[in-house]
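Asks: Listed below, chain by chain, are the residues.
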Amino acid sequence: MEDAIVKLTSKEGETFDVPRKVAMMSKLVKDTFSDDDDEDDEEDETEVKEVPLPNVTAPVLKKVIEYCTHYQDEEMTPIQTPLKSGTLDELVQAWYANFVKVDRNMLFDLVAAANFMDIKPLLDLTCLAVSILIKGKSAQELRQMFNISAELSPEEQAEAQRENAVAE
Amino acid sequence: MTEAPCERRTSPSKRMRLDVTASDFAELEHLHPYGALPGGNVFFAEQARSAIRPSDLLPDDDAWLHILGYCNGRDLGCLVRSCRYFYVAGHSPELWRDLVLRQCEKRAIRNVGPTWKDTYVKLFYSETIPPHRPMSIPGIYSDTLYRLHSCRSFSIPKVWLDRSPTDTLERVSVNDLTVSQFKSRYEKPNIPVLIEGAAKDWKAFERWNRPEYLLQHAAGRTFRTTSGVAPLPGNFSLDAYLKYCESTILEEAPLYLFDRTALEPGSHLWNDYMEDLKSSCPYWDPELMKSNGHDLFQVLGEGRRPDHTWLIAGPKRSGSVFHIDPNCTHAWNAAICGRKRWIFYPPGVTPPGVHPSADGDEVTLPLSVGEWIFQFWDEHMQRKQSAPLHERPLECTAMPGDVIFVPHGWWHLVVNLDKMNIAITHNYVSDSNLSNTLKFLETKVDQISGCRDREESIKPEHLSEEFKKALKQQVPELLSEALKVPTWTCRAWKDAEAPKKSVIEQAKEAGPCPSFSFSFL
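If you read the sequences in order, they're chains A and B. So the first sequence is numbered by my numbering: it starts at 1 and just counts up by one. So the second sequence is numbered by my numbering: it starts at 1 and just counts up by one.
Accuracy of the hints is not assured; some may be wrong.
Partial list, computed: chain A residues near chain B (C-beta under 10 Å) [claimed, not checked]:
(1) Ala112
(2) Gly136
(3) Ser149
In short, the hints are calculated from the structure, not lab data. Here the structure is a predicted model, which is why all the values come from computation and not from measurement. Beta carbons are placed, not taken as given, at the ideal position from N, Cα and C, and that holds for glycine.
Using the sequences and the hints, build the whole thing.
Replies: Pasting the structure below:
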């Protein structure tokens, strides 16, 4: 059973063979299994399963699998709040800090994949990484970073400014 | 008379319509303070208003709230000024509550503002910043944000505010209930009951409705408050907590004051009800332990027994999600100020949305009353109306002055209906549940609570032995009666099952199988 393989299929149809234990870090994958295993048929467990992930592209899925595989050898220490530091290397182990040093698009894709596949520690890590991108930025810098056009109207802006003590 | 048969035919559905439906909660008391609307509304909106969130980057509101949860106050303050979407999402009161609670882990909250953001600013920046005035922002369509707000602001159904036919729990007037009747009709058969007016003549009933009285007797103290959805408890001075309860917009599952030390024997607040309790409800008179078998944990001594008395206070919509009371105890709960809605499910009948683990150690369920209502109300109603009689849930509203008897093993959910609600609750073991409590203390040591964090209390692993020893000295006949009962008499608990055998073990026991063999045998 330990050696059982799960096939994860990306948006493009590319299939990745993943040890069952690694794939099961995703609650989405796990639930797919338990739905099928209703009859408690233990023999089923050795059968190779395929889980389609139509929201996740192959490069992102590859990263997700990399994360889940590493997690088997070195569990990520849970992130403590309030954050003791503003740098990733002081909040999680080195491997994990390096893992999220990726370009912004990949990082957001990873957040979305972790959210869709329901992998709690990966969602924590990637959301933490986004919050660190936000850290220390001004409202204008944030607008540029997130490519935001829907600004507050001038009146709304003025009202928000009035009570902006915490943002200075 | 021609209409009579017709009337009879329609009556069942009429009766069903009388009860509360999910839509009775959905009309919210307040609009979303920042103007968020359900996602579906986007189809009726002008084109220009719809593309308002940075959706090309990250389409999911849950993920955004997760990210914002890691931001500090300064960064949240910048985000809410950067765009419309972040203005709305970044003002979620839960975010600012968590910032305050995390920074006040070791200090008391003594000053609160109209919103959690104001409290944060007051505590960490300045007392003089003008208060936060939520602006309604057009064009934010989000099921996540709207649903979160629904859990903060669901309507309290009107029929809950008074006695109504939707109340199915038995009720009895305090004047019509003797000690032996209480024991034989309710405690022994383990049936919950509402005792009308049982606390009406307590001094607390008059005094505690005056905030200045409570403030006077709670000066210098802090009170522990908790919520299933908050990351940490909050410690408040009473005046700050009362002010918090008055906030117009509270977060989902507001902090609920549950204090086990405020009513210590001999304390002023304890004196406000204890003597009166003895005369109005003699079945709960602790002094009659030996004669009527009430409150047997007394044999251990006050400091050594598990926690048993709580002062409870909370704002509208605060409350407790489904649970069974600790240590296999019965309880009584007196509503002193404000009304409470109670929902009960019998022992062994798991309420909708509640999933206990096989050993009962852990329970998975929605963490706020609002979330449970929005997800499971229809299923609850179905069971209230058509489950087999002995499995049906029971409901009632406790008016101020009413006392509810909560028998051991019953699941219950409680939600506060008024702006300010104060209650007293005592948990106890009596001759009626002693045999089950003894089994519980012996076999479910991991589930014992109320004695882990106090130095003088007896620790879980010794509680069973110590309790039996003290019972033997003080009430030996009750102990020997209880020990004669061989099995659980309440369906809430059962003995741990023998570990399930693996397929291989089963196959081994079944003997050789001609068409199948294990190569490694």
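Asks: The structure should be examined with respect to each hint, and the outcome stated for every one.
Replies: Okay, the hints, checked on the actual structure:
no. : hint   : verdict
1   : Ala112 : holds (6 Å)
2   : Gly136 : holds (7 Å)
3   : Ser149 : holds (8 Å)
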